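Chains as they are written, first to last, in the working numbering: chain A, 2 to 133; chain B, 11 to 128; chain C, 90 to 493.
Calculated from the structure, these hints are not laboratory results. All values derive from a computational prediction rather than experimental measurement. The C-beta atom is built at its ideal place from N, Cα and C for all residues, glycine as well. Fair warning: there could be bad hints in the mix.
Pair ranges (Cβ atoms, derived) [as the list claims (entries may be wrong)]:
(1) Pro-64(B) <-> Leu-254(C): 53 to 63 angstroms
(2) Ala-479(C) <-> Arg-88(A): 49 to 59 angstroms
(3) Ala-418(C) <-> Leu-9(A): 28 to 38 angstroms
(4) Ile-476(C) <-> Val-37(B): 32 to 42 angstroms
(5) Gly-116(B) <-> Leu-178(C): 34 to 44 angstroms
(6) Met-415(C) <-> Asn-26(B): 26 to 36 angstroms
(7) Ile-201(C) <-> Glu-91(B): 55 to 65 angstroms
(8) Val-171(C) <-> Ile-79(B): 21 to 31 angstroms
(9) Gln-204(C) <-> Gly-113(A): 43 to 53 angstroms
(10) Arg-23(A) <-> Glu-301(C): 54 to 64 angstroms
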Amino acid sequence: MRARFSSLVSATLIVALAGCSRQDERLRQHRKHFESLGATTAAIGEAWLAGSVSGTYTLTALDQTFRLVEQEQTALASKPNTLIDPRGAALSQAAEKLLRLLARLTEDVRSGDAGALRGHLAEIPIKPSESH
Amino acid sequence: MDLVRDVLDKKVSDRNGRDMGRADSIVLEIREGAPPRVAGIEIGPAVLGHRVRPVVGRWIAGLEHALGIDQGRPLRIAFGEILDVGDHVKVDRAFGETAAATVEQGLRRWVSSIPGAS
Amino acid sequence: MSAIVDLILGVVTSIGGFVEVGSISTAAQAGSEFGFQLLWAIAAAGLMLAMLVEMSGRLAAVSRRSLAASVRERFGIHFQAVPLTAELLIDLLLLAAEIGGAAIAIKLLTGIGFQWWILPIGLCIWLVLWTCGFAAIEHGIGLFGLVTLSFVLAAWRLHPSPLDLGAGFVPSLPGHDAVRYAFLAVSILGATVSPYLLNFYSSGAVEEEMSEKELWVNRTTAYLGTAFGSVVSMGVLVTSAMVLQPRQIVVDSYEQAALMFVPAFGRWAITLFALALGIGCFGAAVELTVNAGYVAAQVFGWSWGANKPRRDAARFTTAFTLVLLMSLAIAVIGFDPLRLTMISVALTVVVMPLLVLPFLVLMNDPKYVKDHTSGAIGNGFLAVLTIVGALLAIAVIPLEIMGG
Numbered sequence: 002m003r004a005r006f007s008s009l010v011s012a013t014l015i016v017a018l019a020g021c022s023r024q025d026e027r028l029r030q031h032r033k034h035f036e037s038l039g040a041t042t043a044a045i046g047e048a049w050l051a052g053s054v055s056g057t058y059t060l061t062a063l064d065q066t067f068r069l070v071e072q073e074q075t076a077l078a079s080k081p082n083t084l085i086d087p088r089g090a091a092l093s094q095a096a097e098k099l100l101r102l103l104a105r106l107t108e109d110v111r112s113g114d115a116g117a118l119r120g121h122l123a124e125i126p127i128k129p130s131e132s133h
Numbered sequence: 011m012d013l014v015r016d017v018l019d020k021k022v023s024d025r026n027g028r029d030m031g032r033a034d035s036i037v038l039e040i041r042e043g044a045p046p047r048v049a050g051i052e053i054g055p056a057v058l059g060h061r062v063r064p065v066v067g068r069w070i071a072g073l074e075h076a077l078g079i080d081q082g083r084p085l086r087i088a089f090g091e092i093l094d095v096g097d098h099v100k101v102d103r104a105f106g107e108t109a110a111a112t113v114e115q116g117l118r119r120w121v122s123s124i125p126g127a128s
Numbered sequence: 090m091s092a093i094v095d096l097i098l099g100v101v102t103s104i105g106g107f108v109e110v111g112s113i114s115t116a117a118q119a120g121s122e123f124g125f126q127l128l129w130a131i132a133a134a135g136l137m138l139a140m141l142v143e144m145s146g147r148l149a150a151v152s153r154r155s156l157a158a159s160v161r162e163r164f165g166i167h168f169q170a171v172p173l174t175a176e177l178l179i180d181l182l183l184l185a186a187e188i189g190g191a192a193i194a195i196k197l198l199t200g201i202g203f204q205w206w207i208l209p210i211g212l213c214i215w216l217v218l219w220t221c222g223f224a225a226i227e228h229g230i231g232l233f234g235l236v237t238l239s240f241v242l243a244a245w246r247l248h249p250s251p252l253d254l255g256a257g258f259v260p261s262l263p264g265h266d267a268v269r270y271a272f273l274a275v276s277i278l279g280a281t282v283s284p285y286l287l288n289f290y291s292s293g294a295v296e297e298e299m300s301e302k303e304l305w306v307n308r309t310t311a312y313l314g315t316a317f318g319s320v321v322s323m324g325v326l327v328t329s330a331m332v333l334q335p336r337q338i339v340v341d342s343y344e345q346a347a348l349m350f351v352p353a354f355g356r357w358a359i360t361l362f363a364l365a366l367g368i369g370c371f372g373a374a375v376e377l378t379v380n381a382g383y384v385a386a387q388v389f390g391w392s393w394g395a396n397k398p399r400r401d402a403a404r405f406t407t408a409f410t411l412v413l414l415m416s417l418a419i420a421v422i423g424f425d426p427l428r429l430t431m432i433s434v435a436l437t438v439v440v441m442p443l444l445v446l447p448f449l450v451l452m453n454d455p456k457y458v459k460d461h462t463s464g465a466i467g468n469g470f471l472a473v474l475t476i477v478g479a480l481l482a483i484a485v486i487p488l489e490i491m492g493g
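Turn these sequences into a full structure, and let the hints guide you.
Here you go:
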């Protein structure tokens with residue numbers, strides 16, 4: 002009886018750990034993609050400021066980045082467990098901020114305001130960490 | 011002659027060298043008290059489809075009927091009309107006079123209507 | 090002299106026509122996520138392609154039959170029905186992806202949504218096929234496609250470390266995301282060894298009436314052309330690795346991929362990238378379209394040929410037109426070309442054993458290749474590729490789900 006109970010507890014722990022590990026991996030992948038999109042935003046903005054890319058391309062690329070952030074946010078929210086997790090909730094908030102920032106950057110490019118864009122680039126909420 | 015190796019699925023050309031299609035099927039005549047005799051070959055998507063799956067053949071035959079192009083199809087060529095079996099099967103027919111040409115001639119009309127077709 | 094000219098044109102064409110939406114997507118993703126670590130996959134895939142292309146050309150030159158025709162005659166419709174259906178499905182998806190890639194290239198320059206460009210690009214593809222013979226199609230694509238050498242130039246201008254590059258040619262375990270690494274390695278194979286290339290090449294050999302005397306041209310073109318073409322693919326990977334990986338930008342769109350040219354080309358970056366992507370994709374789309382006509386006509390025994398007046402091969406003309414229309418319908422819906430590409434390269438890997446297996450028989454059948462049968466190396470390669478291909482075919486779908 003005791004042996005059976007121990008087996009049940011062990012099995013439950015293994016399943017729970019596997020679930021946590023899957024959740025960890027999911028969150029890691031989402032973080033990786035959001036960081037990539039933050040880095041993309043920075044790269045696009047810097048290229049525009051340097052005059053390396055046209056306004057047309059910049060607007061196109063920012064728009065596409067916006068769509069990708071939206072898609073990633075939707076994917077994150079598709080599993081409610083990830084939003085309950087504090088890391089998932091933080092990612093979701095960062096994604097929301099990034100979306101608003103992308104909208105502001107788009108306006109800055111449209112109005113040709115390099116100063117405003119430079120300031121907004123400093124506010125990118127999620128970027129790869131330096132130590133990665 | 012090995013029927014499967016040398017005839018079946020081989021390209022068929024008419025007496026003038028024009029492509030007619032492929033030998034999609036071989037027709038055997040079952041005779042009472044005698045070994046089967048090769049009656050001829052057939053050309054047509056319905057018999058080809060039938061070889062893949064009978065239902066596919068029926069579906070294609072139905073489509074040909076619906077499009078009104080099923081007359082004379084599948085084209086059957088008697089074994090006696092086969093002139094040569096070498097690199098491809100040469101038959102004593104003219105492509106344009108056979109049902110194998112129905113679709114080609116029909117499509118040629120619309121292709122020819124576009125400038126630059128020739 | 091003529092053979093030398095053919096050889097030079099063949100190699101140049103192979104370089105210019107090598108890179109298209111599949112190779113750009115997979116190499117850009119591989120570089121941005123794993124640096125130089127997947128260079129070996131491009132080299133291996135390039136070698137496989139070279140060997141298969143050489144065999145396709147040899148088969149066509151000696152038997153005077155294309156690959157599709159040979160498979161129909163040697164194996165019959167029962168065998169061919171499965172790989173034929175699979176190849177047509179893959180070609181439909183890949184064609185839609187190529188058209189989408191070309192449309193995105195124009196979007197990068199104009200800012201106008203890529204869906205608006207699908208139908209005009211489709212019309213251009215059709216007009217090229219309506220008006221041009223085989224040589225014009227092949228050489229035109231190749232010569233215009235030389236703009237893709239900008240990937241090599243970009244990589245060279247970024248001064249990658251030769252030691253690091255060399256290390257990339259040795260297969261190694263990744264430090265992270267092993268499943269994703271494996272998926273990309275397999276995808277590079279699927280993107281490089283596209284089924285349509287083999288039949289297109291063999292059909293071209295028949296159209297151009299390549300003879301047994303020109304087998305050395307075929308061999309040299311296949312190996313040299315693919316080798317140089319692979320260098321262009323490697324250029325994509327290296328440039329992506331040097332520019333995007335340090336910033337941890339994972340390529341999820343062509344707009345992101347375009348950023349790889351900025352350090353090397355400055356103001357010309359987006360224009361060059363768009364030209365390379367657009368011309369590469371357009372050329373591949375033309376080849377895919379005409380190949381659909383080739384396959385249908387050769388399997389069913391219709392009159393065919395890009396060198397024939399279109400009215401003299403009406404079913405061939407109608408077949409490629411219909412396939413083009415179906416692909417345009419897929420493309421115009423707005424499926425992401427990058428996603429379509431990754432699905433089609435995964436499907437290519439799934440059917441690869443069925444595409445490679447016929448070579449094992451055909452290249453050893455004197456009825457088709459006379460005394461130019463494959464030797465031990467060729468047969469050994471085919472046997473290994475079939476077995477490896479079968480294993481990858483089982484693995485690729487789970488890899489696509491987990492790492493795609």
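### 34 to 44 angstroms as the expected CB spacing between Leu-178(C) and Gly-116(B), which holds or is violated
Violated, since Gly-116(B) and Leu-178(C) (Cβ atoms, about 27 angstroms apart) do not stay within the stated range.
### Query
Has the hinted range 43 to 53 angstroms been met by the Cβ atoms of Gln-204(C) and Gly-113(A)?
violated, 28 angstroms
### Task
Hint says 49 to 59 angstroms; check whether the CB-CB distance for Ala-479(C) and Arg-88(A) agrees.
violated, 41 angstroms
### Query
Can the suggested window of 32 to 42 angstroms be confirmed for the beta-carbon pair Ile-476(C) and Val-37(B)?
With a Cβ separation near 40 angstroms, Ile-476(C) and Val-37(B) satisfy 32 to 42 angstroms, so the hint holds.
### Query
At the C-beta level, are Ile-201(C) and Glu-91(B) separated by a distance inside 55 to 65 angstroms?
holds, 60 angstroms
#### Entry: Consistency of beta-carbon spacing, Leu-9(A) to Ala-418(C), with hint 28 to 38 angstroms
violated, 55 angstroms
### CB-CB spacing for Glu-301(C) and Arg-23(A) relative to the 54 to 64 angstroms hint
holds, 59 angstroms
### Task
For the range 53 to 63 angstroms, tell me whether the beta carbons of Pro-64(B) and Leu-254(C) fit it or not.
holds, 58 angstroms
### Satisfaction of the hinted span 21 to 31 angstroms by the C-beta atoms belonging to Val-171(C) and Ile-79(B)
At 27 angstroms between Cβs, range holds.
### Message
Quick check: does the Cβ-Cβ distance between Met-415(C) and Asn-26(B) fall within 26 to 36 angstroms?
### Response
With Cβ atoms ~34 angstroms apart, the hint holds.
Violated hints, listed in ascending order, are 2, 3, 5 and 9; each of the other numbered hints is respected by the structure.
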